[in-house]
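Asker: With the sequences and hints as input, model every part of the structure.
Protein sequences appear in the order of chains A and B.
Residue 318 in our numbering sits at position 318 of the first sequence, and the numbers go up by one each step.
Residue 156 in our numbering sits at position 156 of the second sequence, and the numbers go up by one each step.
I should point out that these hints are in silico values taken from the structure, not numbers from a laboratory.
Where is the CB? At the ideal position from N, CA and C, for every residue including glycine.
Careful, some of the hints might be misleading.
[Stated by the list, open to error] Under the rule of at most 30 Å between Cα atoms (straight-line distance), these lysine-lysine pairs were calculated in the DSSO-like manner: (1) B:K263 with B:K223; (2) B:K141 with A:K424; (3) B:K263 with A:K227; (4) B:K458 with A:K282; (5) B:K141 with A:K91.
[Unchecked claim] Over 10 Å on every C-beta distance to chain A, these chain B residues come out as not near it, computed from the model: (6) R36; (7) R78; (8) P100.
[To be verified] Beta-carbon label-pair distances, calculated as ranges: (9) B:H31 with A:G58: 20 to 28 Å; (10) A:R445 with B:E320: 34 to 42 Å; (11) B:H91 with A:D288: 37 to 45 Å; (12) A:A31 with B:N3: 24 to 32 Å; (13) A:K2 with B:K139: 44 to 52 Å; (14) B:T358 with A:E160: 50 to 58 Å; (15) B:P111 with A:K282: 54 to 62 Å; (16) A:G161 with B:T429: 55 to 63 Å; (17) A:D382 with B:K403: 26 to 34 Å; (18) B:F439 with A:D26: 28 to 36 Å.
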Amino acid sequence: MKHIADWALNISNQRGAFYADARVVDDRSRALATKNGKISHASDGESLGIGIRVLADGAWGFAASDDLSRAAVEGTAARAVAIAKASARVKQQDVRLAPEKPVTAEWTTPYQIEPFTISVEQNIDLLFKIDSELRSVAGVTMAETNMNFRREEQWFVSSEGTNIRQTKYSTGVGYAAHAFAGTEIQKRSYPTSYGGQWQNKGYELIHELKLVENARRIGEEAVALHKADQCPEGTFTIVLDGAQLGLQIHESIGHPIELDRVLGMEANFAGTSFLTLEKLRKLRYGSDLVNVVADARQEHGPGLGTFGFDDEGVPAQCTPIITNGLFTGYLSSRETAHAIGADRSGGTLRAEGWNRLPIIRMTNVSILPGEGPLTLEQLIADTDQGVFMQTNRSWSIDDKRYNFQFGCEIGWEIKNGKRVRMLKNPSYSGITTEFWNSLDAICSRDEWTLWGTPNCGKGQPQQVMGTGHGAAPARFRDIRVGSAYKGN
Amino acid sequence: MLNRNKAADVFDRIQRYSTADEVEALFYAGHSSLTRFANNTIHQNVAEENSVVSVRTAFGERTARATTNKLDEESLKRAVKSAEDIARVQHPDPELLAMPASGGKNYGAIPSRHFDETAAITPEQRAEAVQKVVSVARKQKLTTAGIFSTAELVEGIFNSRGLNDWHTQTSSDISVTMLAADSSGWQKANSPNVAHLDAVALAEIAARKAVESASPREIPAGKYTVILEPAAVLDIVGFMFFDFGGLAILDQRSFLNNRVGTKIFGENINISDDVGHPLQSGVPFDGEGMRRQRVHLVEGGVVKRLVYARATAEKMKKSEHRDKVGVVEPTGHGFPIPNEMGEAPMNIVFGASTDPKTVDQMIASTERGLLVTRLWYIREVDPYEKILTGMTRDGTFYVENGKLREGVRNFRFNESLIHMLSNVEEMGTPVRASGEESFDMVVPAMKVRDFNFTEVTKF
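Answerer: Have a look at this one:
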């Protein structure tokens, strides 16, 4: 495929591009799902094409095509240059790229079992087994399961001499039980909601999650929620499970640290950020216990934000984002690094596929576990009064990422260090920095999981990207609880 | 670009490669371009061409799908084989219907949605329009961000029982945000015909909102009379229409469970799904090739009808719900098979008020309330009471004694759609509106009493 990408670079150069890169991407996916004992989705997909990004007259142009014939690729490259020249008609200053040493490399997601070698029959049998367990619980009115695999093979070349072949695998699996009765629809999901757990791994992820073993409990909890008390409204201590904390990180840390948002480049759609440049290394983002990194390296774990190189050829890195509560870093790219005085990109530019322009995306934005030993049970035992909330049900945050509100599927009242009763419809809300400054305990490494968010939307045209978020259960003091259901 | 004849040739080859009892091919192809600007600069500028075929095979009661964007022999054979391999190992589904031989009732004439001028827009023309938007921003000492996009798209369906249908259309979008030091304004418009879009007019309205909402004051959260501009109405009401599918009732995941036939909204609420409406756009057939029908979903606040894919209609007729959900028949709203959701109405048209008011008239009749330009990050909190949460954005104003007084800090709301659509005091003339939280639809501005704002943010 490299020779195809080289056609693009040659024409870009001939037409006057100052810089060009080309990505040939061969994408393969499989999606299986069941609902109430039937297949609700069964499909394979493949998509192959080239995306060409150029700088000409100091401005960007990008063109993409599914046609990989020489004439089409050269025509697409010429179109990218013409688009860049049109962009240059409305510019304030020339685009500057932070330097990056050219590299020739190959990288592949480490995996134990290639997911596409497992038969569809075996996968469907597993999903039906889960479905059967969920629906064996009286009161479950809808059971859903899903299993997804993706292999993305990419050849990246640039006019600076970089030549990278990278193959990424990801696997996702999950299920949910819904229970409708009276005037309520309740729901429980496993391992978490909205598609379950996703990681850059092979089929071994499916084996690790004890899917069938947890199905009956999940069904029973969905039904039991109908008889549970309503989560009270007020200001309480809350404990969040790791999956919910992962989404809290995604929304109230991951997005505001995107430097393109900070610089106004997403103002029309995703929004801007309260983290204006003067706050770097000055803002107390959280309590001393809050340590957050953006880490794309394999040693961080098999997150959806793990890779060898980003989509402009910058190697995976670890950037300290919050250090002992102090705000210390942004997610950056070669174009934006200079805005924070950095001499190199943080390596976070990624594209959904061959037909999308790479933009700044979260890698694995994770909170580091507590240093002292602390299990979830010990954390609850250490809490006099509060609410333990599990599994996201709804999420919303303003366009500068200050005010948020999250709903969870299930809550548990904590009294004198014990879980005493189930609570339905738990929700909490707050202001980002006030919330993170109220963290006073986080569980240790044994409770820490690298969760996957497969559905992060950003950009115009919109791109959906997978991101990783390592988190352990944590406790927050004086949080506003329950206002979402105050209703009308 | 892929045309109907070439697609027919591809489908002939797919049929030859397939050993399945039945085979279907969906085609999606086109070219699209988007010029994006921020900080008064074009910072992203993209173009794309792609052609996709999605092959569905069926062996008796088993079916599956495979998709590729390569139309050469080897790729098509691989797609057919994948679809067949996955289909063969399915558990039989007795409710799977044979593929339809025709698209059923014809809606009638639908206005052309293809405009050569839109298909031919160049990057230079888009840059010229952006330059004009930037000029408006500079005149007001503002910073602007937004998009100008155009596309020419085709969508087709062929199956082995002889059904075939084809749709060609163009689309264009302009969205403009104007930013001041502590305020912002926004506008968006969308049309199949780019000649109907006026970038400067959108920029001037967005700029006025940014200027007039400067130095926003914080006022307490609570229940307010709210005037929602059409984009804000679209943003929030869009969250209920997936519940108007028959399968949502059968799955018991719909807020309309046990409510079809009852009056749940105000008498002034009338809603149809109407692909042929002159302000609508989109494909006139569904994921199986069935022609979309006009369906009156809500009349006088009463939910009268649902929409159905073929299989859902058959299933509903045999269910305990069949006598409680109005007319049950395929309406041409199904998604490609197999799918989880069944069907949904996607060409929503709100009925006109007998006494339509302009937004200015709504402001003039309001003693104390809020004017909302746009809603953002809306999510469902309670699926049965249909409580949604979200934020206001890009132009929220305090209204007092019939006048727009000042900009205010943005609010979080937690509001039930059932409650909201029961409290609509005044409506404007429905217009084609476009937002970011839901699909385009034909909606009016609305004045709603007791809209529930629960928190205020910092800006």
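Asker: Which of the numbered hints above does this structure break?
Answerer: 2, 6, 7, 10, 11, 17
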